[in-house]
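Engineer: If you read the sequences in order, they're chains Y and U. Position one of the first sequence corresponds to residue 1 (full-length UniProt numbering), numbered consecutively onward. Position one of the second sequence corresponds to residue 1 (full-length UniProt numbering), numbered consecutively onward.
Honestly, the hints are just simulated from the structure, not real lab data.
Since the list can't tell identical chains apart, any single copy or any two copies may satisfy a pair.
Mimicking DSS-like on lysine-lysine, the simulated pairs with C-alpha atoms at most 30 Å apart in a straight line are:
1) 338 x 87
2) 87 x 263
3) 275 x 247
4) 87 x 254
5) 339 x 6
6) 254 x 275
7) 275 x 163
8) 87 x 275
9) 349 x 6
10) 263 x 163
Protein chains: 2
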Amino acid sequence: MSTTGKQLFTTLESDGTLTVAIEDATFPDPVGDQVLVRMEAAPINPSDLAILVGAADLENADYSPGKYVATVPEPFNSASRARHGLKLPAGNEGAGTVVATGDGDKAKALMGRRVACVPGHAYSQYCLADAGMCLPLDDHSAEDGASSFVNPMTALGFVENAKMDGQDAILHTVGASNLGQMLTRICREDGIGLVNLVRKADQAALLEQLGATHVVNSSDDDFMQRLCTAIDDAEAFYGFDPIGGGKTVDSVFKAMEQVAVGKMTEYSRYGSNQKKRMFIYGRLDTGATILTPSYGFGWTLSGWLLFPFLQSAGPEIVGRMRKRVLENLTTTFASTYKKRVDLEEMLTKEAVIDYRAMKTGEKYLVTPWK
Amino acid sequence: MSTTGKQLFTTLESDGTLTVAIEDATFPDPVGDQVLVRMEAAPINPSDLAILVGAADLENADYSPGKYVATVPEPFNSASRARHGLKLPAGNEGAGTVVATGDGDKAKALMGRRVACVPGHAYSQYCLADAGMCLPLDDHSAEDGASSFVNPMTALGFVENAKMDGQDAILHTVGASNLGQMLTRICREDGIGLVNLVRKADQAALLEQLGATHVVNSSDDDFMQRLCTAIDDAEAFYGFDPIGGGKTVDSVFKAMEQVAVGKMTEYSRYGSNQKKRMFIYGRLDTGATILTPSYGFGWTLSGWLLFPFLQSAGPEIVGRMRKRVLENLTTTFASTYKKRVDLEEMLTKEAVIDYRAMKTGEKYLVTPWK
Numbered sequence: 001m002s003t004t005g006k007q008l009f010t011t012l013e014s015d016g017t018l019t020v021a022i023e024d025a026t027f028p029d030p031v032g033d034q035v036l037v038r039m040e041a042a043p044i045n046p047s048d049l050a051i052l053v054g055a056a057d058l059e060n061a062d063y064s065p066g067k068y069v070a071t072v073p074e075p076f077n078s079a080s081r082a083r084h085g086l087k088l089p090a091g092n093e094g095a096g097t098v099v100a101t102g103d104g105d106k107a108k109a110l111m112g113r114r115v116a117c118v119p120g121h122a123y124s125q126y127c128l129a130d131a132g133m134c135l136p137l138d139d140h141s142a143e144d145g146a147s148s149f150v151n152p153m154t155a156l157g158f159v160e161n162a163k164m165d166g167q168d169a170i171l172h173t174v175g176a177s178n179l180g181q182m183l184t185r186i187c188r189e190d191g192i193g194l195v196n197l198v199r200k201a202d203q204a205a206l207l208e209q210l211g212a213t214h215v216v217n218s219s220d221d222d223f224m225q226r227l228c229t230a231i232d233d234a235e236a237f238y239g240f241d242p243i244g245g246g247k248t249v250d251s252v253f254k255a256m257e258q259v260a261v262g263k264m265t266e267y268s269r270y271g272s273n274q275k276k277r278m279f280i281y282g283r284l285d286t287g288a289t290i291l292t293p294s295y296g297f298g299w300t301l302s303g304w305l306l307f308p309f310l311q312s313a314g315p316e317i318v319g320r321m322r323k324r325v326l327e328n329l330t331t332t333f334a335s336t337y338k339k340r341v342d343l344e345e346m347l348t349k350e351a352v353i354d355y356r357a358m359k360t361g362e363k364y365l366v367t368p369w370k
Numbered sequence: 001m002s003t004t005g006k007q008l009f010t011t012l013e014s015d016g017t018l019t020v021a022i023e024d025a026t027f028p029d030p031v032g033d034q035v036l037v038r039m040e041a042a043p044i045n046p047s048d049l050a051i052l053v054g055a056a057d058l059e060n061a062d063y064s065p066g067k068y069v070a071t072v073p074e075p076f077n078s079a080s081r082a083r084h085g086l087k088l089p090a091g092n093e094g095a096g097t098v099v100a101t102g103d104g105d106k107a108k109a110l111m112g113r114r115v116a117c118v119p120g121h122a123y124s125q126y127c128l129a130d131a132g133m134c135l136p137l138d139d140h141s142a143e144d145g146a147s148s149f150v151n152p153m154t155a156l157g158f159v160e161n162a163k164m165d166g167q168d169a170i171l172h173t174v175g176a177s178n179l180g181q182m183l184t185r186i187c188r189e190d191g192i193g194l195v196n197l198v199r200k201a202d203q204a205a206l207l208e209q210l211g212a213t214h215v216v217n218s219s220d221d222d223f224m225q226r227l228c229t230a231i232d233d234a235e236a237f238y239g240f241d242p243i244g245g246g247k248t249v250d251s252v253f254k255a256m257e258q259v260a261v262g263k264m265t266e267y268s269r270y271g272s273n274q275k276k277r278m279f280i281y282g283r284l285d286t287g288a289t290i291l292t293p294s295y296g297f298g299w300t301l302s303g304w305l306l307f308p309f310l311q312s313a314g315p316e317i318v319g320r321m322r323k324r325v326l327e328n329l330t331t332t333f334a335s336t337y338k339k340r341v342d343l344e345e346m347l348t349k350e351a352v353i354d355y356r357a358m359k360t361g362e363k364y365l366v367t368p369w370k
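With the sequences and hints as input, model every part of the structure.
Structural biologist: And the structure:
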């Protein structure tokens, strides 16, 4: 017995034609530790957008009910050549009710329960998910649990990674994002120093309401000076950036080095010995990362992804993180949504253009059965 | 009783005026574990050039015996603001004879012996050096030992660092440099895979004579394809680059990722899970480092400097490295010199312009008593 339902697929052809459409799909019966989840809510996170819309020309796309066809311009189309011709599902995470399970004990224990899951194809009425990655939501609603993985585990992952590396302060380049707000609450709870960068005064005010102590506004004329002061105060030489392109990381490294050089008693042509560490965990700006030779050789920049981090952290730490998320789902890890759309509504011109803008506080929630 | 002799100093004023001049200097008596070395030979390494000449306009400088005055253009002058007004010595390493020592046992054991040392002011007739960093040269000449620290320990450091990180292959972006040749010999001796990048056919030929197995010429039309093949063959996802500016590291990361993606059975928008690691250990190109979003998130780029590495490696490993250098000083770790100049001769227009060009195989040796 297999199950049928609507599912979103995204296909990029080699000529740059992107087709995103809702189709009738058949879901095989779950086996082993798989569960079949009737999906009730799935967020559109920045990390979903690359595959969902990417750099497509949304203004001039061809929209019809449950479908749009757009063109992905160069160089973005060629950069995506690995997916040319592939029909891909989308949606990292979501929540719903387990309606069938495989024979595995982990799976059977979830039968009939509401869970959050990370199927990778959450924009769908049904999903096959790994029971080991499901979080039973108990009395919480599907909407409460829909965003319980990507942002909460990423924000917690930053703090865990910092602790592993012996750091007790973090810098975050997009402080006011949904993830940034969670990070602000976590750092406050754990006594971890946090330097938040924002772009606007109202974002700074929002973070200060959450108890943030070091908020620096990049629109201020004396931004670099304030950034140095904040880094110095918090002793934050370790940070995370989802922008990727441009000079954000470069500015942060410069400020960190300026603080360190200010404490040196003797000139060194090689710069300070202060170790400076940054991670790029997203690509909100798909331009090149620019690193100027302005901060010696004591720096390290890495890409950062949630799943490889969780794998390296191991099951004990991951279990502790998930437990903490569940216990604080509607407080520390709460997400808010601007709008709820079903699968067809998420492919209208108005919706696609709106959620691709990724404005702070304007996240969309997909509710496939609405 | 103090000693007097000639010494080179380099001073950059805030207006960009760079004065490099030989002066009469007084050297205090060594104390504790210090030794006073009568310097007989000191190489001009790329790492010495930044402080010695930097980006100064050497064509239009004012040359007089034992002195030149040049202008450092922007943005290089402002980037060097930390040294404005400071009169600095120069010359990382050299070799000579110990003529006086402090009271420390380590120092006293070196009295009268020929040693290699790392005083940081080697362009001088005398140097105060730390006995612990001196390498007794026994029957070797000062010229044999002059370059026994910076290049040999850096090349060995790459291999030690790779081993610490569980790697058995290295990529080096300037294969034919003096350091690159040493690295080729070391990797061959140690059974470490090595991918060498070069810019010219004669450099490739030189390395192949040394037994290099993977040499890729960036002037070839099919460079990227050959680079991928070499990385794949050697399984080299870990490398070192002294160029720094531009897209060298970017090209290497792209090739590494291309090799890894070629082995994947399923598309991932996040790229491969293959960890890719590069280190920038110099700034032959002082432009910005450009990193395009073309290789997922599984990459790490760091600055790399010899002294912090040695400090983290600890005395046992450093001792083993130094012993290996001494035992193979005229073979594995041999340096060759294009020209020998005394302190005055090293400040002539012809010499300065020639050694700043840093051409492969054209290293200068300063012989202060010639």
